[in-house]
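Undergrad: Protein chains in written order, with my numbering: chain A, 1 to 103; chain B, 1 to 561.
Read the hints as simulated data drawn from the structure, not as lab findings.
It is possible that some hints are incorrect.
[Unchecked claim] In silico EDC-like cross-links for lysine to aspartate or glutamate, where the CA-CA straight-line distance does not exceed 16 Å:
no., chain 1, residue 1, chain 2, residue 2
1, B, 417, B, 72
2, B, 410, B, 152
3, B, 140, B, 300
4, B, 140, B, 409
5, B, 269, A, 87
6, B, 466, B, 72
7, B, 302, A, 87
8, B, 302, A, 91
9, B, 140, B, 72
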Amino acid sequence: MPNPVLTNPHYVQLVTHRRKVSVALSLVMLVSYFAFILLIAFDPAFLGTPIAQGSPITIGIPIGLGLIVLAMALTGIYVRLSNNVFDPLTEDARKALRESLKK
Amino acid sequence: MKSNLLSGTFGAWLIAGGAALLAATPALADGISGGGTQQPLNIPAIVMFLIFVGATLGITYWASKRNRTASDFYVAGNSITGTQNGLAIAGDYMSAASFLGISALVFTSGFDGLIYSIGFLVGWPILMFLMAERLRNLGKYTFADVAAFRLEQRPVRTLAAFGSLATVLLYLIAQMVGAGQLIEVLFGLPYTYAVIVVGVLMMLYVTFGGMIATTWVQIIKAVLLLSGASVMAFLVLLHVNFSPTELFNSAIEVHSKGAAIMAPGTLVKDPFSAVSLGLALMFGTAGLPHILMRFFTVKDAKQARKSVFVATGFIGYFYILTFIIGFGAILLVGSNPQYLAADGGLLGGKNMAAVHLAHATGGSLFFGFIAAVAFATILAVVSGLALAGATAVGHDLYANAIRKGKATEKEEMAVSKIASVVLGIFAITLGIMFKNQNVAFLVGLAFAIAASTNFPIILLSTLWRKLTTTGAVLGGSLGLVSAVGLVILSPVVWVNILGYATPVFPYEYPALISIPLAFLGAIIGSLIDKSPSGRAEQDDFDNFSVRAEIGTLEELKVSKH
Numbered sequence: 001m002p003n004p005v006l007t008n009p010h011y012v013q014l015v016t017h018r019r020k021v022s023v024a025l026s027l028v029m030l031v032s033y034f035a036f037i038l039l040i041a042f043d044p045a046f047l048g049t050p051i052a053q054g055s056p057i058t059i060g061i062p063i064g065l066g067l068i069v070l071a072m073a074l075t076g077i078y079v080r081l082s083n084n085v086f087d088p089l090t091e092d093a094r095k096a097l098r099e100s101l102k103k
Numbered sequence: 001m002k003s004n005l006l007s008g009t010f011g012a013w014l015i016a017g018g019a020a021l022l023a024a025t026p027a028l029a030d031g032i033s034g035g036g037t038q039q040p041l042n043i044p045a046i047v048m049f050l051i052f053v054g055a056t057l058g059i060t061y062w063a064s065k066r067n068r069t070a071s072d073f074y075v076a077g078n079s080i081t082g083t084q085n086g087l088a089i090a091g092d093y094m095s096a097a098s099f100l101g102i103s104a105l106v107f108t109s110g111f112d113g114l115i116y117s118i119g120f121l122v123g124w125p126i127l128m129f130l131m132a133e134r135l136r137n138l139g140k141y142t143f144a145d146v147a148a149f150r151l152e153q154r155p156v157r158t159l160a161a162f163g164s165l166a167t168v169l170l171y172l173i174a175q176m177v178g179a180g181q182l183i184e185v186l187f188g189l190p191y192t193y194a195v196i197v198v199g200v201l202m203m204l205y206v207t208f209g210g211m212i213a214t215t216w217v218q219i220i221k222a223v224l225l226l227s228g229a230s231v232m233a234f235l236v237l238l239h240v241n242f243s244p245t246e247l248f249n250s251a252i253e254v255h256s257k258g259a260a261i262m263a264p265g266t267l268v269k270d271p272f273s274a275v276s277l278g279l280a281l282m283f284g285t286a287g288l289p290h291i292l293m294r295f296f297t298v299k300d301a302k303q304a305r306k307s308v309f310v311a312t313g314f315i316g317y318f319y320i321l322t323f324i325i326g327f328g329a330i331l332l333v334g335s336n337p338q339y340l341a342a343d344g345g346l347l348g349g350k351n352m353a354a355v356h357l358a359h360a361t362g363g364s365l366f367f368g369f370i371a372a373v374a375f376a377t378i379l380a381v382v383s384g385l386a387l388a389g390a391t392a393v394g395h396d397l398y399a400n401a402i403r404k405g406k407a408t409e410k411e412e413m414a415v416s417k418i419a420s421v422v423l424g425i426f427a428i429t430l431g432i433m434f435k436n437q438n439v440a441f442l443v444g445l446a447f448a449i450a451a452s453t454n455f456p457i458i459l460l461s462t463l464w465r466k467l468t469t470t471g472a473v474l475g476g477s478l479g480l481v482s483a484v485g486l487v488i489l490s491p492v493v494w495v496n497i498l499g500y501a502t503p504v505f506p507y508e509y510p511a512l513i514s515i516p517l518a519f520l521g522a523i524i525g526s527l528i529d530k531s532p533s534g535r536a537e538q539d540d541f542d543n544f545s546v547r548a549e550i551g552t553l554e555e556l557k558v559s560k561h
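Use the sequences and the hints to build the structure in full.
TA: Okay, here's the thing in structure tokens:
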């Protein structure tokens, strides 16, 4: 006996939309991190190139610090989307679940 | 009765601690490895450390009176807010290995330290996007609640408990080693004594205070550590007139490796190690039992994701600070003979870079503060670990796997409390055995196991319909056995500890082999599983996923219990 909530349009919208967002944001993190790791593995000299002639700062420094900031920013984006988009949909789906249980 | 016991222990501890400090003073030179230079008794450090211990034991006493149910003991009765939990997670995660180990890695090889920091951080977004809210919606006390939710309880919980215990023990050893080295330099106490002190305090916090005390110890520690590190980084930047160019230029000038510290160096020797370490760090975070347990201390999914957001912010900020601190140490510690031992290394070992930097930037009072904070850091992390380990034994192994859910709350908590004491004894013994291992490296091993056992079974059981008990057990065990086995055969254990000439497995990091093995095992095990129970588990996925996506309804909770 399938759960009636599974066909609730709000639930379906919540699940499909949230899955897309989760997968997309995860991919952004995974791809940028492993690109960095592969650079370390195969072309460490690139990361050691100075950002400007005579500067001690290498390309690796802004890339590395950028990854830290990216991780923080991505969690912020997810929280914002959840609060504004997913939470109202979740409430609707929960309402539907509540209704279905009363019957 | 309980309060008498506790305050009695507290008083006895103070007296014993004080007496041991005094007794150890004449033998200071023996306590410091290699240096032979006597460290003066640091009164501000000892006072600050005792204030912290006193305050946390006070909190433990307060918490012990609030620990009425198993839910209070394991997850603080779901009473922690998202922001509090975010800070506590940061306090749980920013270990001595992060603070001392990574700043030391930056101090010795510059850019390589940043590679570790990034690896430790990038797991957090993944944990948030794929797991945090589902965990909160599905679980009660441990990640095994979630992994075993629609599967057979006994085998899956037993496996999850072993995965947890292996991770917890390795991580504990790393913390213990850090504690021993730190207190050796700070107080001039013998390493062994320091390890025992940490182990005993950990047992007190966890056994009497449970999750409430552990959470507040972690929050206080996070605030202290973030403030201390901020001040230290600020002082370093002040020294170079807030110019990164000047900071890096002066560091290159005085460092023995010169400009090489600005590029990836010797940490990662080959592509295999680079990817393997990266995988372990990223997915290990999402499999650490003491971190996952923190998601059950908040009331709902919204607070769970807020926890990750707050934690990621603080942890990321902290890693940027450790990078500055490490470079500051190159400038101000590495070139100052005051902090160097006779052999040219750092006084008290290379993990002391950040602690010496505190002295170089802020004098003995700041040195005392940072040393006390580093010590508090260790206490907060080991408490979280011990609680997670004890819960795995009491809740997963005893109550659910052995007693099949028929144990009373009282029996379950009694077993958990005994387990926390046993874990404390294990931690002390192993901490002494692993005295000369690199702290950050041991944490790497714990991450490899978490990434190869815990992470795959949680991820697949919550997201993949076809996972069955057979698949989970096959995959999880393959991950655990291969991660542990490859580590034993690797240079660090096979050569350095067991004394063989050449390692059987040439790499230090097993994750690139063990994670795919775990997933492969789980997938094959599930696909060949044609049993009726396996089919039922797959059919159960729909109802399970409704709960994972939107949580339970209050009225359901009432009717169920």
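Undergrad: Each hint needs a verdict: does it hold in this structure or not?
TA: Hints versus structure:
1. B/417 <-> B/72: Judged against 16 Å, a Cα distance of about 13 Å means the pair holds.
2. B/410 <-> B/152: Given pair residue 410 of chain B, residue 152 of chain B is violated - Cα atoms ~24 Å apart, limit 16 Å.
3. B/140 <-> B/300: Satisfied, since the Cα-Cα distance of roughly 11 Å is no more than 16 Å.
4. B/140 <-> B/409: Satisfied, since the Cα-Cα distance of roughly 14 Å is no more than 16 Å.
5. B/269 <-> A/87: violated, 46 Å
6. B/466 <-> B/72: Distance of about 35 Å is beyond 16 Å: violated.
7. B/302 <-> A/87: holds, 8 Å
8. B/302 <-> A/91: holds, 12 Å
9. B/140 <-> B/72: holds, 12 Å
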